[in-house]
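S.K.: Here's the letter readout for the chains.
Number of protein chains: 2
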Amino acid sequence: MVKQEAQREQTASMEDYLEAIANLGEGRKVVRVKQISEMLGVKMPSVTSALKKLSEQELVEHERYGHIKLTPEGNKVARDVIRRHKALTRFFGQALGINEETAEEDACKIEHVISSLSMERLAKFVEFIEACPLGSANFSSRYEYYLEHGELPQDCSKRSVSKRK
Amino acid sequence: MVKQEAQREQTASMEDYLEAIANLGEGRKVVRVKQISEMLGVKMPSVTSALKKLSEQELVEHERYGHIKLTPEGNKVARDVIRRHKALTRFFGQALGINEETAEEDACKIEHVISSLSMERLAKFVEFIEACPLGSANFSSRYEYYLEHGELPQDCSKRSVSKRK
DNA sequence: TACAATTGTTAGACATGTCTAACAATTATG
DNA sequence: CATAATTGTTAGACATGTCTAACAATTGTA
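Residue numbers (the numbering used here), protein chains in the order written: chain C, 1 to 165; chain W, 1 to 165.
Any given hint could be a false lead.
Since the list gives no way to pick one copy over another, a pair counts as held whenever it fits inside one copy or between any two copies.
Claimed, not checked - Straight-line distance between alpha carbons at most 20 Å, and here's what the computed SDA-like set of lysine to any residue pairs gives:
no.: 1; residue 1: Lys109; residue 2: His62
no.: 2; residue 1: Lys124; residue 2: Gly150
no.: 3; residue 1: Lys124; residue 2: Tyr145
no.: 4; residue 1: Lys124; residue 2: His149
no.: 5; residue 1: Lys53; residue 2: Tyr145
no.: 6; residue 1: Lys69; residue 2: Glu130
no.: 7; residue 1: Lys124; residue 2: Glu148
no.: 8; residue 1: Lys43; residue 2: Leu24
no.: 9; residue 1: Lys76; residue 2: Ser13
no.: 10; residue 1: Lys124; residue 2: Asp80
In short, the hints are calculated from the structure, not lab data.
None of these values were measured; they are calculated from a predicted model.
Assemble the whole structure, with the sequences as input and the hints as a guide.
M.R.: Rendered as structure tokens:
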């Protein structure tokens, strides 16, 4: 029994390659196998092999020893990965206050597995946090208090509940 | 060159097996290969094969045609996966308002890749949202307004900015 | 321009995790 | 309790994606 879905979806690996090529190619810069391999932490033969697969799917143009370039379709996929990546990085960085390096790492993993629905909501969430100074200020200051002290700030209850440690 | 790290980390697959065994074994219920295979959507030989690997690592006790049980170490790993799973489900469900099914799916994927730092923060975030009625009420009502209307509620700015579409 | 250094490719090994087909053990039932 | 149904295992194919080793092309430079 063979999967008969559209087969349009990429694996995490292939998405990584597309993303790397897009990022390296910003501003019409020439993209090299070596750069991709360094960016992704794999050896050059892995890149060559990935480029072959992506060429067959017409997501990448690549000729032996020659140029590497995303096709319009490949670019579309890459842009989408990058969009998810950025939103996730912002979420972990801004909203959760995670350090940049960890935020990046998590974004790199999660970008490949999160559903589009959750992705949209997360993006909206970040937009909201960043755009709504009052809501977010109240929110984040209380949240930070909670993070630091491990208990809720006093103004957190509707009634002035006496519950203190 | 061989990786020389502690080799303690499990793959997503192996974590899934451990998690399934823990869930199926709740309340001392007998765990069967068939159940695991159904729960994870794989065929039985895949389960047998996974059990073999997990036995070698002493995370699972399994004898041919016999009982399947987590070792204390295996249980520890499984509990940790389940903890992440639950926190993520709550985050997507409660905080982002995602439907249960999608929240589950995303949790199942992300639980295997998220860093412990982000995991802790996310859990705290959910705790906060759920525990701080005032902060969260203000926050979520504004957030929901934003989700529904696509623009910020009027009380969102510090100054009464005129910026309306 | 010839040679050296660098970059890229090919071939093939290997690890992981899945599957199907065939067989074996266990369990249920007439 | 004998046989059928179910459950589980083994063997081995296959897909993905990585690697090393060897070789080939390109580029830089004396």
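S.K.: If a hint holds in the structure, say so; if it doesn't, say that too.
M.R.: Evaluated hints:
1. Lys109 <-> His62: neither (26 Å within a copy, 32 Å between copies)
2. Lys124 <-> Gly150: between (27 Å within a copy, 9 Å between copies)
3. Lys124 <-> Tyr145: For Lys124 and Tyr145, the Cα distance is within 20 Å only across copies (11 Å; inside one copy 24 Å).
4. Lys124 <-> His149: For Lys124 and His149, only the inter-copy Cα distance (12 Å) is at most 20 Å; the intra-copy one is 28 Å.
5. Lys53 <-> Tyr145: neither (50 Å within a copy, 45 Å between copies)
6. Lys69 <-> Glu130: neither (35 Å within a copy, 48 Å between copies)
7. Lys124 <-> Glu148: Between copies, since 11 Å is at most 20 Å while 26 Å is not.
8. Lys43 <-> Leu24: within (17 Å within a copy, 41 Å between copies)
9. Lys76 <-> Ser13: within (16 Å within a copy, 30 Å between copies)
10. Lys124 <-> Asp80: Answer is within: at 16 Å inside a copy they meet the 20 Å cutoff, but 30 Å across does not.
Consistency with the previously given hints fails for numbers 1, 5, 6, ordered from lowest to highest.
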